[in-house]
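Given these sequences and hints, build the entire structure.
Top to bottom, those sequences are chains A and B.
The first sequence runs -16 to 274 under this note's numbering.
The second sequence runs 142 to 391 under this note's numbering.
Errors might be hidden in some of the hints.
[Said to hold, decoys possible] A few chain A residues that face chain B, going by a derived Cβ cut-off under 10 Å, partial list only:
id	residue
1	F105
2	A150
3	S154
4	Y155
5	E157
6	L162
[What the hints assert, rightly or not] List of simulated lysine-lysine pairs, DSS-like, C-alpha gap at most 27 Å:
id	chain 1	residue 1	chain 2	residue 2
7	A	K172	B	K269
8	B	K278	A	K264
9	B	K233	A	K149
10	B	K280	A	K172
11	B	K378	B	K166
12	B	K278	B	K263
13	A	K264	B	K280
14	B	K233	A	K172
15	B	K278	B	K261
16	A	K172	B	K378
17	A	K264	A	K172
18	A	K264	B	K261
Hints were generated in silico from the structure; no laboratory data involved.
Here the structure is a predicted model, which means the values were calculated and not measured.
Glycine is no exception: its CB is placed at the ideal position from the N, C-alpha and C atoms.
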Amino acid sequence: MTNSTEETGIKSILLITALFSIFVIFLIMAFIFVEGWPAFADYGFFKFLLGLKWDPNNNIFGVFPMIVGSLYVTFFALLLAVPLSLLCAIFMAEVAPNNIRKFLKPVIETLAGIPSVVYGFFGLMVIVPRVRTTFGGTGFSIFASGIILAIMILPTIISVSQDSLKAVPNSYREASYGLGATNWQTIRKIIFPAALPGIVTGIILGMGRAIGETLAVIMVAGNVSQIPSSIFAPVRTLTSNIALEMGYATGLHYNALFATGVILFIVIMILLLITNYVQRKYKMDVGGGTL
Amino acid sequence: MDKIRSENLNVYFGDAHILHDVNLKMPENSITALIGPSGCGKSTFLRTLNRMNDLIPTFHHEGNVYLDDTEIYDDNVDVVNLRKRVGMVFQKANSFPKSIFENVAYGLRIHGIDDEDYIKQKVELALKSAAIWDEVKDKLDQSALGLSGGQQQRLCIARTVAIEPEVILMDEPCSALDPISTLKIEDLMTELKKEFTIVIVTHNMQQATRVSDSTAFFLNGQIIEHGPTEELFVNPKEEKTEEYISGRFG
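So this is what it looks like as structure tokens:
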């Protein structure tokens, strides 16, 4: 009797805590939607979404350049970070001797622990001036932000990918070597595909971090709200837009910033749905997957 | 004729001396069974024959292993080519998380064959000779992981057969299978020995008597007795062999 009371007790406690975290998330979402609503209702949803000009002083709120900015910066970061981190993860999981792996792992974990302001500062002092002297312009650019973000998301993608490579059963390696495959053939054709669902998860996590990162981007992006003409042009992201103006915004401007949050939320949801779809499709292709 | 033979083979993992002066001749187109209690070194010996032990960093050896008359541990021997000639089937069916077709095609592809028609033919042939074609011919593009354990093991045999090895090593291929699947694989082995030389590690004494032509009894890293299977089981020369096959230890 006592046992089953204890069981139900623990079950309800777990249920309550789970419901509580979900409740908090919904509360935040509701709050953002409610606060952002006037901007959609009074200003017009499509005018807000597709407007090219952001001029709070004249009550003009077009968020489109920021959507483009966020996507540019995120994809440029992924473009740099994904190949680099996958090769690094493959090296660490499959190639590196134990002592090198033992050295690399904590180094990469430390990379994940550095505060974003430090990355931003590094970008501001080191990368921006070099971009300026090498490619012209001010140096505050998609290019600089992409580099900083790429460095910031490296550790996430590397460690998740590495774990999923390591989780590939050894029997696959043996089977492949047993058939006369080389090390590289085994990695490329057996281990990497088997680990791919986990690797995609790592990339999604990295993408989430890149699109959400605010401070470091503000410091190197230039924050001009216009559709960038090249990757060396300054850019403003959705998150930067909120952080830069929240301190003094009132009235419709205040609502417009929350509405920016809503848009950010929608953009992230769309990206997640796409990757989820791709992942599921891939899993079906290989039949069940393994991870 | 001896297809593969070891001469004074000693194997070490680090400081542990696993195999002691193993001399064994495995004749062509026959099935050699390796029996003995767990930890006696028979799997290690098997894995020495296609250099799978090379994957273990602490492995080193003395003595020789000859495939035909090539010493397989010679510096100029290409391990990749060796493993193509000496295929292996593992204890647990380890089909890749790919389609049934691609599981068999994989071995061909990695050896540089890209003619799709030729691959199709080869895959069909291999699946037929592994006696699994009829069960899978309508679902070649489905995942291999959906097959039963016995089917997967036969798929793994097909995968090995497809690259046309000369020797097939089997490491307790039936230990995870039910009696019916086991019988199927045993029948298959008798069929396969017409074309291949087979070396099988087994814990199942009946299996050794049913399928093998000669048997070697391993104990503590040494070969205690080796001879034609019937002789060894009916009339063992060594007391230890007799004790083991009558089930008094092991």
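Each hint tested on the structure:
1. F105: Since the shortest Cβ distance to chain B is 39 Å, the answer is violated.
2. A150: Violated - the Cβ of A150/A stays beyond 10 Å from chain B, reaching only about 12 Å at its closest.
3. S154: 4 Å, holds
4. Y155: Holds, about 6 Å.
5. E157: 6 Å, holds
6. L162: Nearest chain B Cβ about 4 Å off; hint holds.
7. K172/A to K269/B: 25 Å, holds
8. K278/B to K264/A: Holds, because 24 Å separates the two Cα atoms, which is no more than 27 Å.
9. K233/B to K149/A: 19 Å, holds
10. K280/B to K172/A: 22 Å, holds
11. K378/B to K166/B: Between K378/B and K166/B the Cα gap is close to 19 Å, so the pair holds against 27 Å.
12. K278/B to K263/B: 13 Å, holds
13. K264/A to K280/B: 19 Å, holds
14. K233/B to K172/A: Given that 27 Å is the threshold and the Cα spacing comes to 21 Å, the pair holds.
15. K278/B to K261/B: 12 Å, holds
16. K172/A to K378/B: 50 Å, violated
17. K264/A to K172/A: 19 Å, holds
18. K264/A to K261/B: 25 Å, holds
The earlier numbered hints that this structure contradicts are 1, 2 and 16.
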